[in-house]
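Student: Protein chains in written order, with our numbering: chain R, 1 to 298; chain B, 299 to 765; chain X, 766 to 1061.
Be careful, since some hints might not be right.
Unchecked claim - Calculated lysine-lysine pairs in the DSSO-like style (CA-CA distance at most 27 angstroms, straight line):
(1) LYS144(R) with LYS739(B)
(2) LYS449(B) with LYS393(B)
(3) LYS144(R) with LYS449(B)
Since the hints were derived computationally from the structure, they do not count as laboratory data.
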Amino acid sequence: MTATAGNRTRAGFRQVRAGHLFVLPYVVLLALFGVVPVCYSVYLAFTDAGGGFAGFSNFTRTATDYRFLPALGHVAVYLVIWLAMLSVLVVSLTLVVHQLASRRTKAVIRLAYYIPGALAGASSVLLWLFVLDPTVSPVAPLLKAMGSDHFTDVITPGHLPVIFAIIAFWTGAGGWILVLYGALNTIPADVIVAAKMDGAGRIRTALSIQLPMIRKSITYMLILAFAAGTQLFVEPQLISQASFGVVPNDYSVNQLAYQFAFTQNDFNGSAAIALDLLVIALVSTSLFVTRGRLFDTD
Amino acid sequence: MEMVHSNAHGRRPRRAGRVRGAALTATAVIGALTLAACSGGQSVGGNSSVADSGSKYGFKAASQDSKAQVTVWVDSTREPIAKAYNKAHPHAQVKIVTYDGNANGSNTFKTKTQLFDRAGSGWPDVAFTTDNNSASWGSFGGTGDLAAVNKGLVPQTTLDNFAKGSLDVCTVKGVTYCFRNDLAQNVLWYNKKLMDKFGYQVPTTWEQYQQLAGKVAAEHPGYLVGTAGDAWTPEIYMWAAQCPANDVTGAKTIKADTSDPKCVRAAKMLDRLIADKTMSTLSLFGSDFVKNEADKVLMLPGPSWYGGSVFQGTLKTPAGQIAAASPLKWADDDQTVTGDVGGGAWWISSHSKNLKAAADFATWVTGQAKYGSALAPTYPAYVPAARTWASETQKSGYYADDIVAPLSQAAGQVWSGWGSAQFSQEAIWAKVVQAGMAQGKTVVSQLPAWQTEIENQARTFGYEVTK
Amino acid sequence: MSTPASVTAQRWAWRSLTSVILIVFGIFFLVPVVWLLLAGAKTDHELVSANPFSPGSLQALRHNWGALMSFQGGAVKTWMKNSVLYALLALVITLAVSIPAGYALAKLRFKGRRLLLITTLVVMLMPTSALVLPIFLEVNYVHLVNTPLSVVLPFSFFPFGVYLAYIYFAEAVPGELLEAAKIDGCSEVGIFTRIALPLAMPVVALVGFFSFVQNWNNFFLPYVMLPGSNAYPMQVGLSQMLTSTPNFNPVVGANAEVSPPELVLATLISAAPVLVIFLLAQRYVVGGLTAGATKG
Chain R
1 MTATAGNRTR AGFRQVRAGH LFVLPYVVLL ALFGVVPVCY SVYLAFTDAG
51 GGFAGFSNFT RTATDYRFLP ALGHVAVYLV IWLAMLSVLV VSLTLVVHQL
101 ASRRTKAVIR LAYYIPGALA GASSVLLWLF VLDPTVSPVA PLLKAMGSDH
151 FTDVITPGHL PVIFAIIAFW TGAGGWILVL YGALNTIPAD VIVAAKMDGA
201 GRIRTALSIQ LPMIRKSITY MLILAFAAGT QLFVEPQLIS QASFGVVPND
251 YSVNQLAYQF AFTQNDFNGS AAIALDLLVI ALVSTSLFVT RGRLFDTD
Chain B
299 MEMVHSNAHG RRPRRAGRVR GAALTATAVI GALTLAACSG GQSVGGNSSV
349 ADSGSKYGFK AASQDSKAQV TVWVDSTREP IAKAYNKAHP HAQVKIVTYD
399 GNANGSNTFK TKTQLFDRAG SGWPDVAFTT DNNSASWGSF GGTGDLAAVN
449 KGLVPQTTLD NFAKGSLDVC TVKGVTYCFR NDLAQNVLWY NKKLMDKFGY
499 QVPTTWEQYQ QLAGKVAAEH PGYLVGTAGD AWTPEIYMWA AQCPANDVTG
549 AKTIKADTSD PKCVRAAKML DRLIADKTMS TLSLFGSDFV KNEADKVLML
599 PGPSWYGGSV FQGTLKTPAG QIAAASPLKW ADDDQTVTGD VGGGAWWISS
649 HSKNLKAAAD FATWVTGQAK YGSALAPTYP AYVPAARTWA SETQKSGYYA
699 DDIVAPLSQA AGQVWSGWGS AQFSQEAIWA KVVQAGMAQG KTVVSQLPAW
749 QTEIENQART FGYEVTK
Chain X
766 MSTPASVTAQ RWAWRSLTSV ILIVFGIFFL VPVVWLLLAG AKTDHELVSA
816 NPFSPGSLQA LRHNWGALMS FQGGAVKTWM KNSVLYALLA LVITLAVSIP
866 AGYALAKLRF KGRRLLLITT LVVMLMPTSA LVLPIFLEVN YVHLVNTPLS
916 VVLPFSFFPF GVYLAYIYFA EAVPGELLEA AKIDGCSEVG IFTRIALPLA
966 MPVVALVGFF SFVQNWNNFF LPYVMLPGSN AYPMQVGLSQ MLTSTPNFNP
1016 VVGANAEVSP PELVLATLIS AAPVLVIFLL AQRYVVGGLT AGATKG
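So here's chain R without its partners, still in its complex pose:
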């Protein structure tokens, strides 16, 4: 008895030591490029430019900035459209691709849907400048059918959340499809076969077997998509550049944080806005986590 106990303790000790050894390099990087920067932002958010304690004044100052509420509104509308699009379209597309018979077709489709994800940054500004201009656009008939004859008609404020959601979907959906596809693959084939033998149709199988079984992956996708959505930055920045400022560069909350830091040289205000966003992301994440039972053990 004592020998086994001793063995177990020694084994446990060995595990602890190995565990620490294995995570050590990661902990160093996490501290340097994750924890310390986050803490520094917290410090900035509660101090003034001279380094003195500022209480919540950075938060009230930024929240009462004339651009803050409009930006918040923009992001809220965008989020609704973006999350709806992502959850419905990505999930359905993945299910449809997954049930195809040919391996080769599946691979080709996954690649085709992913390709836009390889394009990023400055060059996409040019791409959207052309795609959204009805005079030269490859999708001109579509834009004209929606009543837009000029670039400026396309980028009217009412269209923007949809445009940003489409851009985000175009670049990001392929990656998410790949992730959910992989999750679907983890469902054992015999479960599906059994469902079929019970007479369940494809849609029935998808709704009552496949979706519940990849619930965690979908929840995870929504958490990250929600966080990425509240931190909307790239898409409005692209269109702001492509429209030469007609779409302002303070459209979203995160852009505003950027403006505070680098245009106004107000890193404290910027950190306060970033913390606002972090809190929103954390609150919603915990909501998703409980609702989606993400941390439950099966």
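Based on the hints, put chains B and X in the right spot on chain R.
Tutor: Relative to the frame of chain R, chains B and X by itself:
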């Protein structure tokens, strides 16, 4: 895309909450320790103690080293001229770094400088920007990043060679912080061939211009007398109308009143011409304009660089058609004034360890009319260089008439009542007025919104706004 | 009761419905890409005036290519080389760090495990705009600004990769197997390198792919860290090219260094490595996620 794949990590929610609390406490502690260690070295912008009238250059300079290598930031257009400097000065090589030149609102110059300020090192000695609104930001009353050039660094005789008023945008409280690279004075560009064909006289006042526009609308519909589709529209029409929308009266004070009759007269003119369809609301550089309006431009009030970059470059108007006339005058005004669209600038860092070499570089490049074998793309602000530039440009044979006289005349007519604040008037116009125009609103109806946005932006940057 | 005929009809209807959906979305994803591919072989004028789907010409392609390669004395090649260097170095460190960390988090019991998982999640949710200044200050503090390490080290911190590895080890590598090895006297390090790692090749490919893509496309960090144009990676270079086109820097006009078709070509070059890596990794990426099925 940020991406994570996850199925589960077996953890109970109740416990997670407690652990999260612990995590936050722990991270806060680590953070506090780190910060306590670093906070001593943190420097903050907005340092008015940079000014020092007792010193050689009028500010507290770093200790100088005449051997220190000078680093210059240029955009890719300015790269040849920096290389030419190195060729001409084999013993005073500068290190050339190309960057985006702050173009298209990228704000790179300020973004990076502010990071360097916090880090306490890394600044370039000289930087070129395609815009010229960094003076008040980097002035002694601002971040203190810019060197004063008229307090002993550069002889007054050199400064006097810059076109009259061209250094106003670089000057805050009598201290000049930059050399203008080029002038962007507005003139009236017109298509001589078409004007002759239609039998029209080139107007000299804005009133005649509007009348002629009316005739064009009736007799030759489809032809254009101007455009209002770019962010610099106010710098062409409002500036020339002496609209007091951007009167920078001090380092942190600005006067703006867009309801002034002088603004209203320009706004009414724009609305009338837009309604007549003789003024386009498309961007000059957009595909739409290039494709559909390129051969419809009869007249085009605009900056000196329109000649090369709009007509020759973008619209590809054949040689022998385009000419320039002097800026238009409002009949009621005492004298002709004009506006100015952009115009790059060279800035010297107050942190430079070799100010003399930095200044030598900056004055040398501003004095050149040619970049290597090619002519500079824009009208030099340095008068002797401008003379060479204009006559060389004329010699190219592209223009249908003399452009030297109107351009050099306009160079001295830029109205000084339109300043250069820390924020961008172009961005404001694009965000508010241009966006409204796209939805069919008139310019007159948007003057109040324009005012509000100017006030908001100004206050955001700590300006005091008066009417 | 359904007759065989109606079942066939149903199946046929389902197949055509899914085909239509897949094709419609295929068009959605690919039309702009096709346009982009064609645009690289056009002249500036054709890009604006010709039909968006006209093929362009070989001559224009050659001209654009030549102009692109001579931009700033071959800067594009330097930028591509830099991108490869930064992304690959970061990739190696990322894998060396994330895979053992994910393994330990999933399979070993040690103090601070949960804390680590939660901290990682919190850090992932922080807006990156807030992290730029502190990271810059840190890198500057150790005098690494303007060195490859200034981008490689922050790139190597890849919490998503750690989570990926963690989930994979937790789900797809059976604990019994590791337990058996332990009884056979294997050390913890031995178990990881000899048993767990060979089983984890799929997730190595997965983490590697996502890390490569993220670092390859990252703009802001190298933009902030690298003041010298010779050290720029492709994405920062592209943005510099963008501001050298007449569309975005109208003043340059007739003397413009870069025309839009050249920029399009640069875009295609910059995207190519990502697609190649995708093709290479797709087998593993999908396989890596599939492997979970073996356990059930």
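Student: Hint by hint, say whether it matches the structure.
Tutor: Hints and how they fare:
{"no.": "1", "hint": "LYS144(R) with LYS739(B)", "in the structure": "holds (21 angstroms)"}
{"no.": "2", "hint": "LYS449(B) with LYS393(B)", "in the structure": "holds (26 angstroms)"}
{"no.": "3", "hint": "LYS144(R) with LYS449(B)", "in the structure": "violated (59 angstroms)"}
Checked against the numbered hints listed earlier, the structure breaks hint 3 alone; every other hint is satisfied.
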